[in-house]
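One letter stands for each residue in the lines below.
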Amino acid sequence: GAVVSQHPSWVICKSGTSVKIECRSLDFQATTMFWYRQFPKQSLMLMATSNEGSKATYEQGVEKDKFLINHASLTLSTLTVTSAHPEDSSFYICSADTDRESVLTFGAGSRLTVL
Amino acid sequence: DAKTTQPPSMDCAEGRAANLPCNHSTISGNEYVYWYRQIHSQGPQYIIHGLKNNETNEMASLIITEDRKSSTLILPHATLRDTAVYYCIVRVGFGRALNFGKGTSLLVTP
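Just so you know, the protein sequences line up as chains A and B, in that order. For the first sequence, this note's numbering assigns the number 1 to the initial residue and increments by one for each residue that follows. For the second sequence, this note's numbering assigns the number 1 to the initial residue and increments by one for each residue that follows.
Please note that the accuracy of each hint is not assured.
Unchecked claim - Here are some of the chain B residues that sit facing chain A, going by a computed Cβ distance under 10 Å:
{"#": "1", "residue": "Cys-12"}
{"#": "2", "residue": "Gly-15"}
{"#": "3", "residue": "Arg-16"}
{"#": "4", "residue": "Ser-25"}
{"#": "5", "residue": "Tyr-32"}
{"#": "6", "residue": "Gln-38"}
{"#": "7", "residue": "Gln-42"}
{"#": "8", "residue": "Gly-43"}
{"#": "9", "residue": "Tyr-46"}
{"#": "10", "residue": "Tyr-87"}
{"#": "11", "residue": "Val-92"}
{"#": "12", "residue": "Gly-95"}
{"#": "13", "residue": "Asn-99"}
{"#": "14", "residue": "Phe-100"}
These aren't lab readings, by the way, just hints derived from the structure by calculation. In this text, a Cβ means the ideal position worked out from N, Cα and C, and glycines have one as well.
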């Protein structure tokens, strides 16, 4: 089946530093990938839609200059949290559309803790 | 995409069937019903989806009412590992994100 791999699975960083999270589709090509974040005891919130070769589309309230998304190939999208602060601590999850009747496959998530 | 309504929580005894309801009264004709679940601190896992007909796979069955305004996910023999938050989502199709509601927190007890 379709597999989406995220790396790292968890990361701890100091306030003010930048962190990059990778999302790879391992056995299929993903024209579109989606980035979500999830705070404790809350549901997943869509952050942005990432399209290969073009600029990402951000949801209202998500700062595009803070959450940089790059989708340079059909199998890789990256999310960079720039100048991270403690309030950015969250569970970040990516997903990709497979060609199997539009089933979205999700990565295992990346837990970011900003000290 | 149409909104869905699910009970916030449910309990089920291990080995019994878990029936999780979902209302989607504003669903349109080209929207599919998708079910995902999220086990604590993991990414969501696809379970099943359907358009009009009932569907069954190795994980679950999906029963969609004739008017498509509601559906039920059935886990035929729940195990402790089925304890998770279950999300019912309606979505048009390819290239669109899934919009997650609050889901149903299912607790399977021994």
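Against the structure, the hints come out as follows:
Taking 10 Å as the C-beta contact cut-off toward chain A, the hint placing B/Cys-12 at the interface is violated, the least distance being around 21 Å. Here the hint on B/Gly-15 is broken, as its CB sits about 27 Å from the closest CB of chain A, past 10 Å. Checking B/Arg-16 against chain A by beta carbon gives a least distance of about 27 Å; that is not within 10 Å, so the hint is violated. Because the smallest distance between the Cβ of B/Ser-25 and any Cβ of chain A comes to about 20 Å, over 10 Å, the interface hint for this residue is violated.
A hinted interface residue such as B/Tyr-32 counts as satisfied when its beta carbon comes closer than 10 Å to some beta carbon of chain A; here the least separation is about 7 Å, so the hint holds. The beta carbon of B/Gln-38 comes within 8 Å of a beta carbon in chain A, closer than 10 Å, and the hint placing it at the interface holds. Here the hint on B/Gln-42 is kept, as its CB sits about 6 Å from the closest CB of chain A, short of 10 Å. Here the hint on B/Gly-43 is kept, as its CB sits about 4 Å from the closest CB of chain A, short of 10 Å.
The interface hint given for B/Tyr-46 holds, since its Cβ lies 5 Å from the closest Cβ of chain A, which is under the 10 Å cut-off. Hint on B/Tyr-87 holds. Least Cβ distance to chain A is approximately 8 Å, under the 10 Å limit. Restraint check, B/Val-92 versus chain A: the minimum CB separation of about 9 Å is within 10 Å; hint holds. For B/Gly-95, the interface hint holds, since its Cβ comes within 10 Å of a Cβ in chain A; the closest pair sits about 5 Å apart.
Here the hint on B/Asn-99 is kept, as its CB sits about 7 Å from the closest CB of chain A, short of 10 Å. Satisfaction of the interface hint for B/Phe-100 is found here, the shortest Cβ-Cβ separation to chain A being roughly 4 Å, below the 10 Å cut-off.
Of the numbered hints given earlier, the model fails hints 1, 2, 3 and 4; all others are met.
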